[in-house]
Amino acid sequence: MSSSIQAVVSQPYKHGFVTDIESDTIPKGLSEDVVRLISQKKHEPEWMLEFRLKAYRHWLTMTEPSWANVSYPTIDFQDIVYYSAPKPKKKLASMDEVDPELIRTFEKLGIPLSEQKQLANVAVDVVFDSVSVATTFKEKLAEAGVIFCSISEAIQKHPELVKKYLGSVVPYSDNFYAALNSAVFTDGSFCFIPKGVTCPMELSTYFRINNEESGQFERTLIVAEEASSVSYLEGCTAPKFDTNQLHAAVVELVALDDADIKYSTVQNWYAGDENGVGGIFNFVTKRGLCKGKNSKISWTQVETGSAITWKYPSCVLLGDNSVGEFYSVALTNHHQQADTGTKMVHIGRNTRSTIISKGISAGKSNNSYRGQVKIGPKAEGARNYSQCDSMLIGPHCQANTFPYLEVGNPTAKVEHEASTSKIGEEQMFYFAQRGIGSEEAISMIINGFCKDVFTQLPMEFAVEATKLLELKLEGSVG
Amino acid sequence: MIAADARVILEVQNLTASVNGVPILKGMNLTIKAGEIHAIMGPNGSGKSTFSKVLAGHPAYEVTGGSVRFEGKDLFELNAEERARAGLFLAFQYPIEIPGVSNAAFLRLAYNAKAAANGQDELDPLEFDDFIREKIQVVEMDPAFLDRSVNEGFSGGEKKRNEILQMAVLEPSLAVLDETDSGLDIDALRIVSNGVNQLTKPDNAVLLVTHYQRLLNYIQPDYVHVMVEGRILKTGGKELALELESRGYDWVREGVGV
Numbered sequence: 001m002s003s004s005i006q007a008v009v010s011q012p013y014k015h016g017f018v019t020d021i022e023s024d025t026i027p028k029g030l031s032e033d034v035v036r037l038i039s040q041k042k043h044e045p046e047w048m049l050e051f052r053l054k055a056y057r058h059w060l061t062m063t064e065p066s067w068a069n070v071s072y073p074t075i076d077f078q079d080i081v082y083y084s085a086p087k088p089k090k091k092l093a094s095m096d097e098v099d100p101e102l103i104r105t106f107e108k109l110g111i112p113l114s115e116q117k118q119l120a121n122v123a124v125d126v127v128f129d130s131v132s133v134a135t136t137f138k139e140k141l142a143e144a145g146v147i148f149c150s151i152s153e154a155i156q157k158h159p160e161l162v163k164k165y166l167g168s169v170v171p172y173s174d175n176f177y178a179a180l181n182s183a184v185f186t187d188g189s190f191c192f193i194p195k196g197v198t199c200p201m202e203l204s205t206y207f208r209i210n211n212e213e214s215g216q217f218e219r220t221l222i223v224a225e226e227a228s229s230v231s232y233l234e235g236c237t238a239p240k241f242d243t244n245q246l247h248a249a250v251v252e253l254v255a256l257d258d259a260d261i262k263y264s265t266v267q268n269w270y271a272g273d274e275n276g277v278g279g280i281f282n283f284v285t286k287r288g289l290c291k292g293k294n295s296k297i298s299w300t301q302v303e304t305g306s307a308i309t310w311k312y313p314s315c316v317l318l319g320d321n322s323v324g325e326f327y328s329v330a331l332t333n334h335h336q337q338a339d340t341g342t343k344m345v346h347i348g349r350n351t352r353s354t355i356i357s358k359g360i361s362a363g364k365s366n367n368s369y370r371g372q373v374k375i376g377p378k379a380e381g382a383r384n385y386s387q388c389d390s391m392l393i394g395p396h397c398q399a400n401t402f403p404y405l406e407v408g409n410p411t412a413k414v415e416h417e418a419s420t421s422k423i424g425e426e427q428m429f430y431f432a433q434r435g436i437g438s439e440e441a442i443s444m445i446i447n448g449f450c451k452d453v454f455t456q457l458p459m460e461f462a463v464e465a466t467k468l469l470e471l472k473l474e475g476s477v478g
Numbered sequence: 001m002i003a004a005d006a007r008v009i010l011e012v013q014n015l016t017a018s019v020n021g022v023p024i025l026k027g028m029n030l031t032i033k034a035g036e037i038h039a040i041m042g043p044n045g046s047g048k049s050t051f052s053k054v055l056a057g058h059p060a061y062e063v064t065g066g067s068v069r070f071e072g073k074d075l076f077e078l079n080a081e082e083r084a085r086a087g088l089f090l091a092f093q094y095p096i097e098i099p100g101v102s103n104a105a106f107l108r109l110a111y112n113a114k115a116a117a118n119g120q121d122e123l124d125p126l127e128f129d130d131f132i133r134e135k136i137q138v139v140e141m142d143p144a145f146l147d148r149s150v151n152e153g154f155s156g157g158e159k160k161r162n163e164i165l166q167m168a169v170l171e172p173s174l175a176v177l178d179e180t181d182s183g184l185d186i187d188a189l190r191i192v193s194n195g196v197n198q199l200t201k202p203d204n205a206v207l208l209v210t211h212y213q214r215l216l217n218y219i220q221p222d223y224v225h226v227m228v229e230g231r232i233l234k235t236g237g238k239e240l241a242l243e244l245e246s247r248g249y250d251w252v253r254e255g256v257g258v
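Residue numbers (our numbering), protein chains in the order written: chain A, 1 to 478; chain B, 1 to 258.
In short, the hints are calculated from the structure, not lab data. Mixed in with the good hints there might be a few duds.
What the hints assert, rightly or not - Which bits of chain A does chain B cover? Going by a derived footprint, with three or more residues having C-beta under 8 Å, they are: (1) 292-305; (2) 433-447.
Said to hold, decoys possible - The following residues of chain A were derived to be distant from chain B, with all beta-carbon distances above 12 Å: (3) Gln40; (4) Pro65; (5) Trp67; (6) Thr198; (7) His334; (8) Lys364; (9) Met428; (10) Leu471.
Beta carbons are placed, not taken as given, at the ideal position from N, Cα and C, and that holds for glycine.
With the sequences and hints as input, model every part of the structure.
Put into C-alpha cells, the structure is as follows:
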C-alpha cells in the first residue's frame with residue numbers, strides 16, 4: 001500500500017458524512033466516505049453500495065501490479081477526483097472553433113463532415129441530428145427486446161440482471177485496478193440480449209451517449225442469453241482527449257448456451273506528445289465468460305492510443321464446445337508503451353481458442369504481447385492456436401513476446417507461432433523501385449501485416465482502422 | 001535491330017560511388033541506346049550490383065562524382081520512385097517478400113503510380129485483371145500467383161519470374177536485371193529469358209548484370225562489358241562472354257595492366 005493511501009486510511013474522520021453537497025464534484029481522494037457518496041449521488045440500492053464497499057476494502061489490501069513491461073511515474077490515488085456529476089461537453093457553434101489539428105485528423109481519417117461535427121461536439125443541423133438517429137435506434141432495439149443503456153440506468157431499471165451478473169466474470173478481488181473500478185465506477189454501458197434474439201444492429205457506444213464526458217472508471221456489462229447474438233463496437237477512430245490521466249475500465253461479457261458475442265474495439269486515446277509527455281494510462285480488465293455450451297466470445301481490438309496500455313481481453317471457456325477468439329493489432333509509436341495480450345482459460349471439454357496478435361512498434365516505443373493459455377484438467381480435447389507477429393519500424397523500438405502455456409490435460413493440442421519482421425531500407429527501396437511512394441508502401445505493408453485481424457472488424461471500422469494506422473505512422477519511416 | 005540513329009537511353013560518364021565511405025565505383029562509362037541489350041560481367045566484388053543499385057537510387061549508396069543522364073534527364077535529380085516512374089526498372093537479385101499483400105494489388109499499385117506520373121489512365125481492379133492476365137503469359141505464370149502474397153513462399157525461380165512479370169507490367173525503357181539468372185534451374189532460366197526476349201523492343205533497352213555466361217545463351221547481348229574493380233575494362237560482342245567463360249577474368253586485368 002502506498003504511503004499516501006496509508007495516510008488517508010489512518011487519518012481521523014474529518015469531513016463527516018455529508019448528504020447535501022451542492023457542488024457537482026467531490027474533493028480529491030479516496031476513502032470509504034467517498035465510495036458511499038458516489039453510491040448515494042447515483043441513488044443506488046443498498047446491494048450496489050455493498051458491492052462497492054467490499055471492493056474498496058479489498059483494494060486497500062492490494063498493491064499495484066508491477067509485472068507488466070511498462071514503466072510510469074507513481075500514481076497518487078489520493079490526487080484523483082472520483083466523482084463529478086455528468087456535465088455536458090461545451091457545445092461549439094461552428095467547425096471554426098474546433099482545434100485545427102483535430103480537423104486535420106478527421107480529414108485524414110475520411111470522417112464525413114456531419115460526423116466530424118458530432119465528434120467535435122459542434123451543434124448539428126436537423127438532418128443529421130444525432131438525437132433522431134439515437135431515437136430510431138432505440139425503438140428498433142426495444143422491438144427486439146434488447147436492453148442497451150448506461151450501467152447507471154441499468155442499476156435503477158434492471159437491478160435483478162445487474163445484480164446477477166455484475167462481478168460474475170471479473171470479481172472485485174480480481175486485480176488492483178478491477179477492485180478500484182468496482183469501488184468507484186460511475187459510467188459505462190449495459191447490454192442484454194434476450195434468449196433467441198439476434199441483435200438487429202451493431203451496438204455502438206457512439207450512439208449511446210455522446211454529450212457527456214466519459215468516466216474515468218468505465219464499467220461495461222454485456223449479457224447474451226441462450227442462442228442470442230450481438231456485435232458490440234467500442235470506441236472510435238477519432239482521437240480522444242481527456243484531462244483524466246488514469247483510466248481503469250472493466251468490461252464483462254457473459255455468453256450462455258449457444259450465444260455469440262463479438263466485441264470490437266478501436267482505441268485512439270491521446271498518447272502524449274512526441275516526447276511522451278501527457279497521454280493517458282489505460283489499465284483495463286476485459287474478460288468474457290463462455291458460460292454455456294457452444295457459446296462463443298470473440299475480441300477484436302485495434303489499439304493505437306494511450307501513453308501506456310495494460311490490457312488483456314480474455315475468455316474463460318467454461319461451457320463444453322465453447323469458443324474464444326482474440327484478434328489484436330497494437331501499434332505503438334514515439335514513447336508509447338503497450339503490454340497487451342489475452343488469456344484463454346479452457347475449462348470445458350472440446351473448447352477451442354484462437355489468438356492472432358499483431359504488434360507494430362515504431363519510434364522509441366515498447367510493445368509487448370503477453371498471453372496465457374491455460375488448459376484445465378477436465379478440458380478434454382481442448383485446442384488452442386496462437387500466432388504472435390511483431391513488426392519493427394526503425395532502429396529504436398522494441399517488441400517482446402511473453403507466452404505462458406499451462407496444459408493440464410494430455411488430450412489438449414496447443415500450437416504457438418511467432419515471428420518478427422522489420423520494415424527496413426531494403427523493403428522501402430523495393431517499393432520505391434516500383435514507383436510506389438513511402439507512405440503508400442508503409443500502408444500496404446501494415447495492411448498486409450494486419451490483414452488477419454482487419455478482416456474480423458465490421459466493414460466501416462476496418463476502413464477507418466486502416467487509415468488510422470497510416471496516420472499514426474506518418475513520418476516514421478524514411 | 002540497332003538503328004544507327006537510335007536515341008540514347010542511358011549515358012554514364014566517369015561515375016564514382018561509395019558505400020559506407022568505401023569507394024566501389026571508380027569511373028564508370030557506359031552508353032546504352034534504344035534497341036540494345038548490354039551485359040556487364042565481372043568477378044565478385046567488382047561493383048556490378050552496386051552499379052545497378054546506384055542507377056536505381058538505393059539510399060545506401062553515395063554518388064561521389066560523374067554524371068548519369070537517363071532519357072535526357074539528370075538521373076540524380078530524381079529520387080528512386082521518380083526514376084522508376086520515368087521508366088527505369090531494376091529486377092532484384094533478392095526480391096522482397098510482402099506478407100498479406102496480394103501480388104495483383106501490388107502490381108496494380110505500381111502500374112497506376114507510373115501511369116499517373118505519365119498522364120495515362122489508371123486501371124481499376126477489373127480492367128487491371130484483364131490486363132494482367134495477358135501479361136502473366138509472358139512468364140508462363142499460373143493466375144493463382146496473382147492472389148498470393150508478393151513473393152511470400154515463392155521458390156527462387158518463382159521470385160525471378162515475378163520480377164520479370166513486374167517488368168512486363170511496367171514496360172520500362174531500361175530494364176536492369178541484377179543477377180536474374182542466379183539460383184535458377186534450366187527450366188526457370190528458359191522461362192525467364194524467354195520473357196525478357198519477348199519484352200525487348202526497338203524502343204527499349206536491357207542491361208544484364210551477371211556472373212555467368214549461361215544466361216547469355218538465352219538472351220543474346222549486343223555488347224558485353226567486363227567490369228573489374230569498379231570500372232569497365234573491356235567491351236566486346238557476345239563472343240567476349242565465351243572467352244571470359246573459358247579464360248576467367250584475370251587476363252582482362254593483365255591486358256590493361258591493373
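Hints versus structure:
Restraint check on the stretch 292-305 of chain A versus chain B: 0 residues with Cβ-Cβ distances below 8 Å, three needed, restraint violated. Interface restraint, the stretch 433-447 of chain A with chain B: holds (9 residues with C-beta to C-beta distance below 8 Å; minimum three). Separation of Gln40/A from chain B is adequate, the least Cβ-Cβ distance of about 53 Å exceeding the 12 Å criterion. Distance check for Pro65/A against chain B: the nearest CB is about 35 Å away, which clears 12 Å, and the non-interface claim stands.
Distance check on Trp67/A: its Cβ is at least 32 Å (rounded) from any Cβ of chain B, clearing the 12 Å threshold; non-interface status holds. For Thr198/A, the shortest C-beta to C-beta distance to chain B comes to about 31 Å, beyond the 12 Å cut-off, and the non-interface label holds. Its beta-carbon lying about 23 Å from the closest one in chain B, His334/A satisfies the requirement of being farther than 12 Å from that chain. Every C-beta of chain B lies more than 12 Å from that of Lys364/A, the closest at about 22 Å, which supports listing it as non-interface.
The beta carbon of Met428/A sits about 8 Å from the closest Cβ of chain B, which is not more than 12 Å, so the claim that it is off the interface is violated. Non-interface status of Leu471/A relative to chain B is upheld: no Cβ of that chain comes within 12 Å, the nearest being about 19 Å off.
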